[in-house]
Amino acid sequence: MTLISSDLFNPMLVRDLRQGLRSSRFTFVFLSLQGGMAFFVAMGLLSGSGSSVAQALEQTLIIGLLLFYLLGLPMAATFALSAEFHDNRIDLLKLTQMSARSLIWGKWISLVMQGLMVFTSLLPYLILTYFFGSWDWQSALLAIVSLLAFSVLLVALCVALSCVNSMLFRILLILGLLGLTMLAIQLVNGTNLGAWEPPVRALITSVKNDPGIAASLYIAIGLPFLFLVMEFGAHFLSPAAENHDTPQRLILCGLIALAGLTMVFDMWYPGSFVDTFTDRFFFFTALMGVWMLMFAAATNPSPYPDTYRAFARFGLPGKFIGRAFLYPGWPSSAPFIMLVAAFCAMLAVAWASLRLPSGANLDYNWFYMTFMLLPPALLFPQVAGWLILGRSRISAGTRYFLVMALSFLFYVFCALLANATAEPKILLYASVFPPSAWILFAFHQLDGLPGLPFQGTAQIIAGISSILTMVVVVVRTLRVWGNFTKLEQMARSASQVKRARAATKSVTEVVGSTASTGAPVSPLGAPVRSQPTFRAKAPKQE
Amino acid sequence: MSTTPIIEVENLHRSFGAVQAVRGVSFRLERGQVAGFIGANGAGKTTTMRILATLDLANHGQVRVAGFDVLEHPARVRNVLGWMPDHFGAYPSIDVQEYLDFFARAMGLRGKARTKRVTEVMDFTELHPLKTRPSDRLSKGQTQRLCLARTLLNDPQVLILDEPAAGLDPKARLEFKNLVRILAGQGKSMLISSHILTELAEMCDTMLFIDQGQIVHHGSADSLRFDDTGVLSVCVRVSGPVEALLDWAKLQTGLRLREEVRAGAMFDLEGRGEEVLRDFLRKLVADGLPVIEFQRERQGLEEAFIGILRQQGGARPRPRYEPAASAKSPSNKN
Numbered sequence: 001m002t003l004i005s006s007d008l009f010n011p012m013l014v015r016d017l018r019q020g021l022r023s024s025r026f027t028f029v030f031l032s033l034q035g036g037m038a039f040f041v042a043m044g045l046l047s048g049s050g051s052s053v054a055q056a057l058e059q060t061l062i063i064g065l066l067l068f069y070l071l072g073l074p075m076a077a078t079f080a081l082s083a084e085f086h087d088n089r090i091d092l093l094k095l096t097q098m099s100a101r102s103l104i105w106g107k108w109i110s111l112v113m114q115g116l117m118v119f120t121s122l123l124p125y126l127i128l129t130y131f132f133g134s135w136d137w138q139s140a141l142l143a144i145v146s147l148l149a150f151s152v153l154l155v156a157l158c159v160a161l162s163c164v165n166s167m168l169f170r171i172l173l174i175l176g177l178l179g180l181t182m183l184a185i186q187l188v189n190g191t192n193l194g195a196w197e198p199p200v201r202a203l204i205t206s207v208k209n210d211p212g213i214a215a216s217l218y219i220a221i222g223l224p225f226l227f228l229v230m231e232f233g234a235h236f237l238s239p240a241a242e243n244h245d246t247p248q249r250l251i252l253c254g255l256i257a258l259a260g261l262t263m264v265f266d267m268w269y270p271g272s273f274v275d276t277f278t279d280r281f282f283f284f285t286a287l288m289g290v291w292m293l294m295f296a297a298a299t300n301p302s303p304y305p306d307t308y309r310a311f312a313r314f315g316l317p318g319k320f321i322g323r324a325f326l327y328p329g330w331p332s333s334a335p336f337i338m339l340v341a342a343f344c345a346m347l348a349v350a351w352a353s354l355r356l357p358s359g360a361n362l363d364y365n366w367f368y369m370t371f372m373l374l375p376p377a378l379l380f381p382q383v384a385g386w387l388i389l390g391r392s393r394i395s396a397g398t399r400y401f402l403v404m405a406l407s408f409l410f411y412v413f414c415a416l417l418a419n420a421t422a423e424p425k426i427l428l429y430a431s432v433f434p435p436s437a438w439i440l441f442a443f444h445q446l447d448g449l450p451g452l453p454f455q456g457t458a459q460i461i462a463g464i465s466s467i468l469t470m471v472v473v474v475v476r477t478l479r480v481w482g483n484f485t486k487l488e489q490m491a492r493s494a495s496q497v498k499r500a501r502a503a504t505k506s507v508t509e510v511v512g513s514t515a516s517t518g519a520p521v522s523p524l525g526a527p528v529r530s531q532p533t534f535r536a537k538a539p540k541q542e
Numbered sequence: 001m002s003t004t005p006i007i008e009v010e011n012l013h014r015s016f017g018a019v020q021a022v023r024g025v026s027f028r029l030e031r032g033q034v035a036g037f038i039g040a041n042g043a044g045k046t047t048t049m050r051i052l053a054t055l056d057l058a059n060h061g062q063v064r065v066a067g068f069d070v071l072e073h074p075a076r077v078r079n080v081l082g083w084m085p086d087h088f089g090a091y092p093s094i095d096v097q098e099y100l101d102f103f104a105r106a107m108g109l110r111g112k113a114r115t116k117r118v119t120e121v122m123d124f125t126e127l128h129p130l131k132t133r134p135s136d137r138l139s140k141g142q143t144q145r146l147c148l149a150r151t152l153l154n155d156p157q158v159l160i161l162d163e164p165a166a167g168l169d170p171k172a173r174l175e176f177k178n179l180v181r182i183l184a185g186q187g188k189s190m191l192i193s194s195h196i197l198t199e200l201a202e203m204c205d206t207m208l209f210i211d212q213g214q215i216v217h218h219g220s221a222d223s224l225r226f227d228d229t230g231v232l233s234v235c236v237r238v239s240g241p242v243e244a245l246l247d248w249a250k251l252q253t254g255l256r257l258r259e260e261v262r263a264g265a266m267f268d269l270e271g272r273g274e275e276v277l278r279d280f281l282r283k284l285v286a287d288g289l290p291v292i293e294f295q296r297e298r299q300g301l302e303e304a305f306i307g308i309l310r311q312q313g314g315a316r317p318r319p320r321y322e323p324a325a326s327a328k329s330p331s332n333k334n
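Line order of the protein sequences matches chains S and C. In this text, residue positions in the first sequence follow our numbering: the first is 1, and each later residue adds one. In this text, residue positions in the second sequence follow our numbering: the first is 1, and each later residue adds one.
Derived by calculation from the structure, the hints in this document are not laboratory data. Hints should not be assumed to be uniformly reliable.
Chain S regions said to be covered by chain C (calculated; three or more residues, Cβ under 8 Å) [what the hints assert, rightly or not]: (1) 299–308; (2) 470–483.
Using C-beta positions, here's what the derived DEER-type ranges look like [claimed, not checked]: (3) N41(C) x Q59(S): 56 to 62 Å; (4) S26(C) x I171(S): 53 to 59 Å; (5) D7(S) x S93(C): 18 to 24 Å; (6) H86(S) x N41(C): 45 to 51 Å; (7) L21(S) x V19(C): 54 to 60 Å; (8) L316(S) x S93(C): 51 to 57 Å; (9) S93(C) x G176(S): 36 to 42 Å; (10) S93(C) x L123(S): 42 to 48 Å; (11) H128(C) x L258(S): 52 to 58 Å.
Where a beta carbon is used, it is the ideal one built from N, C-alpha and C, also for glycine.
So here's chain C without its partners, still in its complex pose:
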């Protein structure tokens, strides 16, 4: 198996007139990785994905998919890539099977191989019962499954899915998530954009956060949740009076009381890594405090994302539009 990264993006720039949609985006994804691509509306997700899918042109920078430059070898890139847009129009008077048959032909499949592949993708996406239904008369969930089936026809190495779960009801979303899990299990590399961060966190090995055309964070969901700013948040509960705990905390260096909670308190602990946590717990027990609960606090993904945006905000010019942080709905918090 080749060791070339499946996606390499280097210093990508794209502007539409005066609006800079993408500003110096660089990242790489290894083969078999599933990456989440997160950002507010207008952050540059779709533009970046369209450039990756050879559907748009960068003003500057280099993009390679499976080792092929998207500008120099768009045809080769298209052979190894499956693109699922956020919305697409089906064809009137064409049923599900004919729709897939058309795209299978267009992708160069011939004869029995074509029929076999169409059957396979219909089986995988459970579209068999709908095969005679007109493609423009499907529900949102069924349409998304049809689109995924089309994307899989050429058995792509890498899938680029733009907001695949948008507008789906919880059942359809769950079904879709399961399909993505199976594909990930088959070793397909995927770049998935979504607004629903928690769902992405469950599916993705790595997350790319984009804001105002720039990547502001690239790492696993956990690396984002456990804030890497040098401060660990810990919740401690004791069985006796809380005052003993608070008095003890006042004597400790590198420890700050964040807030009192029922039967305990939340502390900010200076330091990084599990050693600091282990030593802190050991000290609590050694000093005789009746600890009944000790928990490291994880941030919600949205909260963490907003935190990153706040950190970035100081270093960058004021955004022209509503910042991503304020656009988030509190109900989405983890």
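For reference, chain S alone in the conformation it holds in the complex:
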């Protein structure tokens, strides 16, 4: 207890370890695993290596581990912060000096520590099986380490998502975890996974054949992913004026830059060590990018001047970069998404044209459409929210994901109908809404299908709806820029007040006026706060 009582550790980690290790849930899981392992080793020893009993027990053990690392631990993570939301505990935590970041990181570390503890406790049994059993300890160790590594990221995602105080969200997450575990169990049992089979098998083979490359890829993708999801979770716990969107965008920029460098290296030096994972790295980066950009597009801009202070400090360049790319909220996410899409398109086209085999047939027309449709596809739900659901009481985020889900369902409906009636032209309807049009074009390309007969018409329809979407976004953005000007001025004048006060304090007592700076002051001596026109991140009514 002395070690975890040390001041070195995050308070949340200390408390969660104290609490978690004493909880009956952990004790039950730990003892069950130990008992199971002891039983497995004993039975394996008695039945002799390679027997069917030993193999069945090995499989049972693997399934047990899968259940713990893919379901048990992430499920605990799903409720990590929801337990704090219960009974006002989260309020008490928010009032401490712990930042939202340290809170969420502490939760994650404590869960990972519990996972590691279980892993460490299993090591002696693995060594025993090496001496007496049938297992190849190296592949067993590699499998468990890979599972643990994957679980660590999954736990991070679940902890971050547990910050969203929504039961529906949690139910969906648990269903997703159940699906993932089922998939993994099927894989262990040797059941064919259908469409998932080739990529999953390829992934497993690459990890087995070249663990070094797999580890590099894991670090290159896993670390930014970890920071991204943690920032995402912290956004829901932090005070409203705290900015977590800009760090997320910067992390994404770094990740894209790294992916770009890898691709450029691969183009110049074909067959180098990056050759095997460049495309996978780019794919995962794009996946994370789309996820992050969706949340950026779903967020309303901050109405608090403090958010803009860091940018206003750098004068005109700072404000421009902020407005165009880095301010939290959808207005700056629009140009940011366009920039990211354009950069990724450029990289992907360059890489594909140089690295793909000469016989590979890449339809650039579809390819460009996929990237060009990305910004309107990501911003369309926001536009639909303003135009259709603007007066509803649904929050901006919920509205956004509702429209996005409906667009996805619309595409599925069109696809099913087209299949059932054997009339591919029905898919043309999917091109009306940018998100469903994007799915149409992206899926078509991924599947390597030949050009559809209505390709030109689909492009025109998708183009028109996309242009209309972007026009609405631009008009709205220009209106919001007026508010940005006001907020930047307030942020700047507040900084000036602070500096003026600091300067005056050294000479005499604070005057408490901003007259010298020319900033408007309220009767309380603070810069006047006008009614923000943005909608604040409104907490739920208690």
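Dock chain C against chain S, hints included.
Just chain C, lined up with the frame of chain S:
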């Protein structure tokens, strides 16, 4: 010592969808003041307090705690503020000492300073005998003491206590009141919400009455009890027949008989201040009435509060929910 008010609230608005929980609340508390925050359920007390504690956002208005804007500098506000909610969940498998140790760590206390502070607050709230008891297995009174101990860990300048005495038995309530008195003696500023007005009156320098999201009265308990409407209520008892007193009263201007009581009568006297009372008594004695008792009638706090609500009621739109006045239990009257 700084002269900045410890709490400044200016034109605060907060709505939840169509419901306006707080509508233009403004007040200020000076350093060292203990203020009672009174209102019916749903009047806007907790919402206002949560905004003060940086846990909720105002739609409009400005709030400063110890000179720091709650929106601009939530971290600084949290450093000087202690918040005690009306209810909170303790942690299972964590004992009282570990609970306080966790929050002390979270508040940035390190090493021996942390251990010392935890011991100090446990001493103050008399939690030492319970230090190994699981924090989720305490009585209501013990839980409230634990919550107060947690609130005091960062030695806050201002304490915001939301219904601290709710659900406590009389003994625990008395213990809690004593703790608040000691803290007030140490110069801590406090904003305490409660339904029990008499208890607040004993502890507080000033009272804030809130109804339907608006402050309807801000002043001391006495300023509320002694109705400031320009009419003083006086009870006079005489040793002889009461008729003499009643006949005398009929001849006086600015005096109205409210009701007859045993060996005397209650009068409503027009005017304000002690001079009016002094002159009235002098006249009674000068005119030869055998006065044996002369007492200015004070209203019960609940009664006074209801009176204020009645006065306000005419000027404001009809409330959507049951008005505070009718929600009060007569047994709570002073």
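Hint check:
Look at the segment 299–308 of chain S against chain C: 3 of its residues bring a Cβ nearer than 8 Å to a Cβ of that chain, three or more, so the hint holds. Check on the segment 470–483 of chain S: 0 of its residues sit with their Cβ under 8 Å from a Cβ of chain C, so the three-residue criterion for coverage is violated. One distance hint, 56 to 62 Å for the beta-carbon pair N41(C) and Q59(S), holds here, with the actual separation near 59 Å. Roughly 44 Å separates the CB atoms of S26(C) and I171(S), a value that falls outside the hinted 53 to 59 Å.
Restraint check, D7(S) to S93(C): a C-beta distance of roughly 22 Å satisfies the suggested window 18 to 24 Å. The hint said 45 to 51 Å for the Cβ distance between H86(S) and N41(C), and at roughly 22 Å that hint is violated. Against the hinted window of 54 to 60 Å, the Cβ-Cβ separation of L21(S) and V19(C) comes to about 44 Å, which falls outside the hint. In this structure the hint that L316(S) and S93(C) lie 51 to 57 Å apart at CB holds, the actual value being about 56 Å.
Separated by about 29 Å at the C-beta atoms, S93(C) and G176(S) break the suggested range of 36 to 42 Å. Taking the beta carbon of each, S93(C) and L123(S) are about 27 Å apart, not inside 42 to 48 Å as hinted. Evaluation of the 52 to 58 Å hint for H128(C) and L258(S) yields a pass: the beta carbon distance comes to about 56 Å.
Figure legend: structure checked against the earlier numbered hints; hints not met, in rising order: 2, 4, 6, 7, 9, 10.
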